[in-house]
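Participant: Here is what each chain is made of, one letter per residue.
2 protein chains.
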Amino acid sequence: MKYPPSLVALIRELSRLPGIGPKSAQRLAFYLFEQPREDIERLAASLLEAKRELHNCPICFNITDTDVCDVCADPSRAQNLICVVEEPGDVIAIEKSGAYTGLYHVLHGVLSPMNGVTPDKLHLKPLLPRLRDDMEIIMATGTTVEGEATAMYIQRLIEPLGVVVSRIAYGLPAGGALEYADEVTLGRALSGRQRITK
Amino acid sequence: MKYPPSLVALIRELSRLPGIGPKSAQRLAFYLFEQPREDIERLAASLLEAKRELHNCPICFNITDTDVCDVCADPSRAQNLICVVEEPGDVIAIEKSGAYTGLYHVLHGVLSPMNGVTPDKLHLKPLLPRLRDDMEIIMATGTTVEGEATAMYIQRLIEPLGVVVSRIAYGLPAGGALEYADEVTLGRALSGRQRITK
Numbered sequence: 153m154k155y156p157p158s159l160v161a162l163i164r165e166l167s168r169l170p171g172i173g174p175k176s177a178q179r180l181a182f183y184l185f186e187q188p189r190e191d192i193e194r195l196a197a198s199l200l201e202a203k204r205e206l207h208n209c210p211i212c213f214n215i216t217d218t219d220v221c222d223v224c225a226d227p228s229r230a231q232n233l234i235c236v237v238e239e240p241g242d243v244i245a246i247e248k249s250g251a252y253t254g255l256y257h258v259l260h261g262v263l264s265p266m267n268g269v270t271p272d273k274l275h276l277k278p279l280l281p282r283l284r285d286d287m288e289i290i291m292a293t294g295t296t297v298e299g300e301a302t303a304m305y306i307q308r309l310i311e312p313l314g315v316v317v318s319r320i321a322y323g324l325p326a327g328g329a330l331e332y333a334d335e336v337t338l339g340r341a342l343s344g345r346q347r348i349t350k
Numbered sequence: 153m154k155y156p157p158s159l160v161a162l163i164r165e166l167s168r169l170p171g172i173g174p175k176s177a178q179r180l181a182f183y184l185f186e187q188p189r190e191d192i193e194r195l196a197a198s199l200l201e202a203k204r205e206l207h208n209c210p211i212c213f214n215i216t217d218t219d220v221c222d223v224c225a226d227p228s229r230a231q232n233l234i235c236v237v238e239e240p241g242d243v244i245a246i247e248k249s250g251a252y253t254g255l256y257h258v259l260h261g262v263l264s265p266m267n268g269v270t271p272d273k274l275h276l277k278p279l280l281p282r283l284r285d286d287m288e289i290i291m292a293t294g295t296t297v298e299g300e301a302t303a304m305y306i307q308r309l310i311e312p313l314g315v316v317v318s319r320i321a322y323g324l325p326a327g328g329a330l331e332y333a334d335e336v337t338l339g340r341a342l343s344g345r346q347r348i349t350k
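So the protein lines, in turn, are chains A and Z.
Note that the first sequence ends on residue 350 in the numbering used here; no numbers are left out.
Note that the second sequence ends on residue 350 in the numbering used here; no numbers are left out.
Be careful, since some hints might not be right.
Said to hold, decoys possible - Covered by chain Z, per the in silico footprint, the following chain A stretches (three or more residues, Cβ under 8 angstroms):
| id | stretch |
| --- | --- |
| 1 | 165-179 |
| 2 | 195-207 |
| 3 | 210-218 |
| 4 | 298-311 |
Please keep in mind that the hints were generated in silico from the structure rather than gathered at the bench.
A virtual CB, placed ideally from N, CA and C, is assigned to each residue, including glycine.
One chain only, chain A, in its complex shape (with noise of 0.2 angstroms):
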């Protein structure tokens, strides 16, 4: 007994998927088969349309479905800030946290030489001509290893153009309790504390 060759082409494609093994993409075919026809149908429109619809910002690389995107658009938005972020998914978390009105840079990626990231792979060239004297380059790359490397990577790229650079702060986590933080970024929260009183 042989699965249908339609059922195999389904498992193929959703094994491709990041996170999704052949095991998984077997469940999540059983499962889709037994959903109504309308769902699936509208799952595979929502995939064409997004595909369709969407590109990146030639300016900032954020994913957008308009010619520039909602923040490069905006005037309102500080224009000497640039906050650089590894991924479009990271604009969507600074947006939601409220506390920036400034611009972005989307990378697309962080520097992995031993994955072949070199600098060229990221969208880091257009970055370049958006730097004017007077701005401030928020460094919002992660706090992994490749994250520190890219932003100090960036960081030796641009200061000699004469803006401002610096690093999203390293501290505790809201809500942590001090026992379940681990020891650099308890030493990082304690070399970086801030004054609270005149």
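Given the coordinates of chain A, work out where chain Z should sit on it, guided by the hints.
Facilitator: Showing chain Z alone in chain A's frame:
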């Protein structure tokens, strides 16, 4: 700044899938956005094709793309053996073992009254007209509480009809050291021991 509607729609559709929460759906959507158009079109097409081509076998309720599934249509399979399983994936798993040459019956679930899965929610009723006197019905539902309850329920239902009912063997999994086996498994492996000398 807001997500483009087509991205919101895709994330919503993806997060309906089992085991995919809002965060994974977002990651998956960004991943899909980065893929070539042909890959997305192939994924969407395979979803639609699988849904169009596949249906349950009217005899055993396995997934098939032909009128009757390969197993039911094969006269060389032992016609006096029916193996009752929970899901179509279980049929594949048993077929891969190469240890079985009879027929199947796929319940599409297990009894779970707490979750509203009563006997009428399973493809159980169509099993009854398939039973004949000379048959052995192998209960191969899982060894979970629900799987055991389902096996016992079906056994009590069909035993009066004069068929032999059996249960797949309990024991140690292949390649497993004794010290890693839980006590229930070990107890069952001992009480189910088989003589190997004459």
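Participant: In ascending order, which of the hints set out earlier in this document are inconsistent with the structure?
Facilitator: Result: hint 4 breaks, nothing else.
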